[in-house]
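Enquirer: So the protein sequences, as listed, match chains A and B.
Quick note: the first sequence, position 217, residue 217 per the working numbering, numbers continuous.
Quick note: the second sequence, position 201, residue 201 per the working numbering, numbers continuous.
It is possible that part of the hints are untrue.
Far from chain A by the CB rule (all over 10 Å, computed), these chain B residues [claimed, not checked]:
hint : residue
1    : Glu72
2    : His73
3    : Ile79
4    : Pro81
5    : Tyr135
6    : Glu159
7    : Arg199
8    : Asp268
9    : Ala271
10   : Pro301
11   : Asn307
12   : Gln335
13   : Gly350
14   : Lys355
15   : Thr359
Below, a list of computed lysine-lysine pairs in the DSBU-like style, where the Cα atoms sit at most 35 Å apart [as the list claims (entries may be wrong)]:
hint : chain 1 : residue 1 : chain 2 : residue 2
16   : B       : Lys123    : B       : Lys213
17   : A       : Lys209    : B       : Lys340
18   : B       : Lys143    : A       : Lys197
Everything labelled a hint here was simulated from the structure, so no lab data went into it.
Here the structure is a predicted model, which is why all the values come from computation and not from measurement.
Where is the CB? At the ideal position from N, CA and C, for every residue including glycine.
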Amino acid sequence: MSHRSFSILKRVITHHPNSSHLLSSQRSVTYMPRPGDGAPRPVTLIPGDGIGPLVTGAVEQVMEAMHAPVHFEKYEVHGDMKQVPQEVLDSIRKNKVCLKGGLMTPVGGGVNSLNMQLRKELDLYASLVNCFNLPGLPTRHENVDIAVVRENTEGEYSGLEHEVVPGVVESLKVITKFCSERIAKYAFEYAYLNGRKKVTAVHKANIMKLADGLFLESCREVATKYPGIKYNEIIVDNCCMQLVSRPEQFDVMVTPNLYGNLVANTAAGIAGGTGVMPGGNAGADYAVFEQGASAGNVGNTNLVEQRRANPIALLLSSAMMLRHLQFPSFADRLETAVKHVISEGKYRTKDLGGDSTTQQVVDAVVAALD
Amino acid sequence: MASQLVRRLARSRLDGILSSSSPNPSFFNRSFSSESNLIRATLFPGDGIGPEIAESVKQVFRTADVPIEWEEHYVGTEIDPRTQSFLTWESLESVRRNKVGLKGPMATPIGKGHRSLNLTLRKELNLYANVRPCYSLPGYKTKYDDVNLVTIRENTEGEYSGLEHQVVRGVVESLKIITRQASLRVAEYAFFYAKAHGRERVSAIHKANIMQKTDGLFLKCCREVAEKYPEIVYEEVVIDNCCMMLVKNPALFDVLVMPNLYGDIISDLCAGLIGGLGLTPSCNIGEGGVALAEAVHGSAPDIAGKNLANPTALLLSAVTMLRHLELHDKADRIQDAVLKTIAEGKYRTGDLGGKSKTTEFTKAICDHI
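Just chain A, same shape as in the assembly:
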């Protein structure tokens, strides 16, 4: 069983979804922990709104089944609260890692998005969405393996708006060298540590010459420090066009805030949908893991009532979290089980073309764990 899971894993890691031969089964060189690393780590858990409680419940069940060395500290936060409660922030600051369902942001006004608040308070400046084809899940595009690194704190989402005169509203887009540099550094470091070959900067500097020009300058400077990684730039509208026609040309993409939102959701859509793509937010001190792309992470009332939300994205994000906590073999087991369930195709939720409920998918994943 471990041979098969290892070879499936190796096949996925070497990005050759079409090769079907099983590689010779061998255990890799082992991860040597420090004494005491196996003590259960506390992780803050925020179920959130809508389908949030459903999918975080799924993660809790699977973690239990694996006997993973994490225990969750649950806190109730809802999208219509004025701000994130202080105890939640304190808990995240203590534990340093958090797993979050979706928080709804009411459209139209008054309340500042709680997601944005969380990111600003904890200075989670990098948002990562990993979009890749899952073997066994048919999509229109093949060979997709894109990681979108998106600047998370400034840009168009600074929230600085005001009405000049009645009927004329201004919104400020702020770009600073400091933030652009650190997101570029994060993107290149991610590429370096994950064996990625190319980083593409997405911009609109032909129109917004100063703002996106500053972003590009920072990216170019950082690129010179990583001569082994290729760097190129692409304008955002061309980028979206290329994403829908030839997505295999992209590897790691680094973008400012707004473009990153669009590109991440587009890339997630072409690779299988936002129900399956993992992601997370990272800062210098803290990390919050959630469903990758922001679209649909709260779901609609239908999904909540019928309990048919897709837990795959949050399960894969929790695998990312396990790796972040330095429990690699648990992460591998979880990922293998999830990929096995997807490729089998028997238990799939509605957005993937099946009609299972969340619980059925979770049971299948638990059964596939070895």
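Using the hints, position chain B against chain A.
Expert: Leaving out everything else, chain B in the frame of chain A:
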């Protein structure tokens, strides 16, 4: 010279007074009394492959007996001080007079001291809406086969106002401006277009959960206009949801109306869904009922003059222009001919995977009319 300018000013002011006093939205401020006579339209062939594909359009229109008389204007070789660009005042006046135009690809000359050609056209003619009908071409297979939507993008303000400044070293601010007037204008056009072309749904694309005041104002204007058209279904979609739905299932959308930046990205995304900019028609609507159809691809200087260019984008844009003029039967005939030629697959230019020349492709279309 001064008297000419005074006369021109007086005439334009008079036009302005006349159009502003009319109670209806001034999309069709043209007299159709001379139906039997020819309609004059301005043609900018453009650079690179522009002249060849403009010739294709003229040929197809001649074969189809379209009652249009072309007035050709070329980009000048020196800067006209009245317009601060290479486009002459006469060209712009011609478009203002004729109220319809067709523009081929123009290469913006590099250098300082003049505005870009597209910017000149947009500002001088007050082109506030960019309309791109995107539909899958039968016979040209892409990964998406059921695309049939129209993107309408506000073209004058928003994030592309060009107002940026450096606050201190290393900190840059860029202003995004949304006004009630511009948002109402584009929303009015979007609903008018939907009604005139038998579309059932209009979706406003926004990010008002984060940019509450700016996109909130845009949405308020769209809602106001939606109330006047109760037969058209109106919905609002957040932009990240929209992107995801577009790449998963583009058949969910009908007419999309958006502010400037989102419009730019989404309209190019939709162009990518159907096969690229070489096949996408586009039309700019201006104040006073001005419609300037254009081909949005580049001027492709490497294949200029070699009879290899694909005139499809310019032809379909010309069809959009005909629909604006309400010459629907001619528009349908030409569109059917183009689609049939591509679907048959016998005559296709290089970028579609074939080997025909521009002239052969054009002739095949003319045969199908």
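Enquirer: Checked against the structure, which of the hints given earlier come out wrong?
Expert: When the structure is compared with the hints, numbers 6, 8, 9, 17 turn out to be violated.
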